[in-house]
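Novice: Listed here are the chains, written in short residue letters.
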Amino acid sequence: MSAPLLEVKDLEVGFRTQAGVVQAVRGVNFTLERGGSLAIVGESGSGKSTMAHAIINLLPGTGHISGGQILLDGQDLATASEHEMEQIRGRKIGFVPQDPMSNLNPVWSIGFQVEEAIRANGIATGRKEVKQRAIQVLKEAGLQDADRRLKQFPHQFSGGMRQRVLIGMGLAANPQLLIADEPTSALDVTVQRVILDHLESLTRELGTTLLFITHDLGLAAERAEQLLVMYKGRVVESGPSVEILQNPRHPYTQRLVAAAPSLASRRIQASGSIAAAESSIAAEASTAAGDEIDLIATAEARAEALEAAGTRPPAIIVENLTKVFKIRGAGEFTAVDDVSFQIAKGTTTALVGESGSGKSTVAKMLLKLEDATSGKIVIDGKDLSAVSPKELFRLRSQMQPVFQDPYGSLNPLRNIGNTISEPLSVHKIGTKATRRERVFELLEQVSLPRTLVTRYPNELSGGQRQRIAIARALALKPDIVILDEAVSALDVLVQAQILRLLADLQAELGLTYLFITHDLAVVRVIADNVCVMQKGRIVEAASTDEVFDNPKEQYTRDLLAAIPGANIELGA
Amino acid sequence: MPDNIPSTSPTRRLEHYVAPLEETPLEEIDSLKTDGKPSNLWIDAWHDVRRRPMFWISAALILLVVIVALFPTWFTQVPPNSDCQLSNSNGAPSAEHPLGFTRQGCDVFSRIVHGAGTSLSVGIIVTLLVFTLGVLFGSFAGYYGGWIDSVLSRFGDIFFSIPYILAAVVIMSVLANYRNVWVISLAIGLFAWPATARVLRSEILRVKNADFVTAATAIGLSRFRILWSHVVPNSIAPVIVITTISLASAIVAEATLSFLGVGLPSTFMSWGNDIAQAQTTLRTAPQVLVYPSIALSLTVFSFIMLGEVVRDALDPKARAQR
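Protein chains in written order, with this note's numbering: chain A, 1 to 572; chain B, 1 to 322.
Rather than coming from a laboratory, the hints here were simulated on the basis of the structure.
Beta carbons are placed, not taken as given, at the ideal position from N, Cα and C, and that holds for glycine.
Hints are supplied without guarantee of correctness; some may be wrong.
Partial pick of chain A residues on the chain B-facing surface, computed with a CB cut under 10 Å [stated by the list, open to error]:
1) E225
2) Y231
3) K232
4) L306
5) T311
6) R312
7) F393
8) R394
9) P406
10) L410
11) T419
12) I482
13) L493
14) A496
15) L560
So the derived label-pair ranges between C-beta atoms look like this [claimed, not checked]:
16) A:A19 / B:S202: 32 to 42 Å
17) A:S158 / B:P163: 41 to 51 Å
18) A:S543 / B:I148: 44 to 54 Å
19) A:A330 / B:S150: 14 to 24 Å
20) A:G331 / B:P163: 27 to 37 Å
Build out the structure end to end from the sequences listed, making use of the hints.
Specialist: What follows is the structure in structure tokens.
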């Protein structure tokens, strides 16, 4: 082994805006050895993607490298001309973009696009050779029937298969370095695992150096030997992954470790119980980072509150619920198939499944936003299918949703005060003055200042918007809150904070949660019971501990194994 | 700082580097940054247009036209019609008659001043009509979908497929005995609304699936109330823009119809009539044609520019690029 493949020295990247230059990357240094693997971890806005794009000189918009060096094999890419970069992209550095859905051109066949990449990099000439190579590339990427699939178009491929194609294109010219920008964030967990396994074995075989970017600390540590933690454009900690995970030294890294659901879940697993997990390394981390972002502390607090309460009557009873959608020209599609479960008052049941499993449809039917085809939903002793409009109106006040997308769930033209008080005025509760008092009270419950009442959603971060959405949901003092992927779009630290808030609110107000998510790791810290859904059916339903310790179904085991970080020794 | 970074080493031992805390101070998680004034789309747009000279220029011109239309006697004491003397036919400008005379010996300046009201009234009535019809059809079609959408959209398409100028010519010819500001506005507006409806319909389709709409349903708000309190306010911005521009086209349409002789009767003070009457003397006295044309162009230009400025201001992406 000689000189390192990639050396980044004092790299600075800025974006020109109306308010002057904004520094996105501030003096980053790192070295990546030949054949090594490096993961860059950070939350959104930390500069991790910007740095990856700077390396291949594909900065968006007004971004530009304002200082430092990027040495690839001794050649400085920061000062390379556009022509030189064209020679380097694809041939020396391969790139796998984040979103497989939008990174393939829908009007060209897969074969055409792969062949284009091969021709552009001069790997093969002549129609036959190019086609041969394209088939080979796709086969390597894990598409077995590649020769048949060359003529197909992107929309005929699933997300996972598209990502395979993109990985194949990235590796088509046998580059020395492959940069993967969140290559699996848009995919289901089980698919994510398969893709990452494949990427790993492929790069090992070809001897490709791998640099990948992720927001998931567990994933990073599992897949890369070297870790680079970024925070506000700077590197706060770097080194061997396992060591950083076991012994995070920078307070920011400690926060991340404490807040990562995959690691928290793993830690509970390792130490046998939540209480034991709390006394392990997480406790140290939480002292530096504050109680509210430590997921283990959250789980612990919840477990205690639940034990104190004893057994309770069910708040929601779902029996043989089925939803069939009629698809024009394609017959029928059963989105929810004979689903039954009960949720006891004051507890949390998680509905877990991958995209298309029907979990959100169940939520819609519970909220009566969608009518069930057959089956029964009983809430507060009333069958939802038989309620009068008047009763439904009253029932709505007892059951409120919080949705996934923090940017879509608040009306951008309404100020916060009116948003939170809208449920009260619709249900004609109180006078203007008492409603105002209630808004203040709710803001306090979600830990936001009163001054927000006159402000608008666009000034708030995703986490704060989600708090407002929770406050609106709580305005009518509901018994049941349906959380449809309510924390999935948030950065881990914010996610941990919201999970803590939800746990506290549950203990304080005795709320019943239906927690819908694709992320089993989060389930471990928030839910009492779990229903695993696959293709519209509940394949396994049990208490959280049972599902995690003793999964009965293969599908559940697959999901559990797909939690990133499952193979890491945490030394707890 | 670079010293701590693992350097080239044959054994590939990775060093554990920790940045000094002073260099990377931790901020509170998800800290609240609300130092500025409250802002939303409309407030931001207002802050944006305020800084643009084109906004003030067009706004000032529009204000001037409005004042002229409301109080013509502030600007000229000469009556536009009654005081015409053929001895002044195509007469040269003088101190009392700054723009000279028409062929009939009427004061050009006075005619322009008194014609402003007609142009503006037609513009405003047509715009109100187009806005009301467009919003009603567009919002119901987009929001309720299904057969309601089919019926309303096809109905709109019928009107859309006939050029509104052609339709107005036909209507005005048929109603030759009832030509006044209301009738001409109706004739133009009745066929001009489908474009507005289409724009609003597509915006409604975009907004109606937003989570805040679902949240409002879950609160117990009726669909009809959600449409007006949540969906329409979030879809109306592009409609405002095309409405401003359609005001300009309505003024042009009135002038066109009057020029073609199917608009307002010649007894009405209108820029279109002025231009129509002046064409006979285009070679001998071009100024008689030029002045009302300038008045018309400037007014139309102001409304179009205002529309452009407002469109830029209401599009956050366009704003960020400037």
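Novice: State for each hint whether it applies.
Specialist: Verification of the hints:
no., hint, result
1, E225, "holds (7 Å)"
2, Y231, "holds (6 Å)"
3, K232, "holds (7 Å)"
4, L306, "violated (26 Å)"
5, T311, "violated (29 Å)"
6, R312, "violated (24 Å)"
7, F393, "holds (5 Å)"
8, R394, "holds (8 Å)"
9, P406, "holds (9 Å)"
10, L410, "holds (6 Å)"
11, T419, "holds (8 Å)"
12, I482, "holds (9 Å)"
13, L493, "holds (5 Å)"
14, A496, "holds (8 Å)"
15, L560, "violated (28 Å)"
16, A:A19 / B:S202: 32 to 42 Å, "holds (33 Å)"
17, A:S158 / B:P163: 41 to 51 Å, "holds (48 Å)"
18, A:S543 / B:I148: 44 to 54 Å, "holds (48 Å)"
19, A:A330 / B:S150: 14 to 24 Å, "holds (21 Å)"
20, A:G331 / B:P163: 27 to 37 Å, "violated (44 Å)"
Comparing the model with each earlier hint shows violations of hints 4, 5, 6, 15, 20; every other hint is respected.
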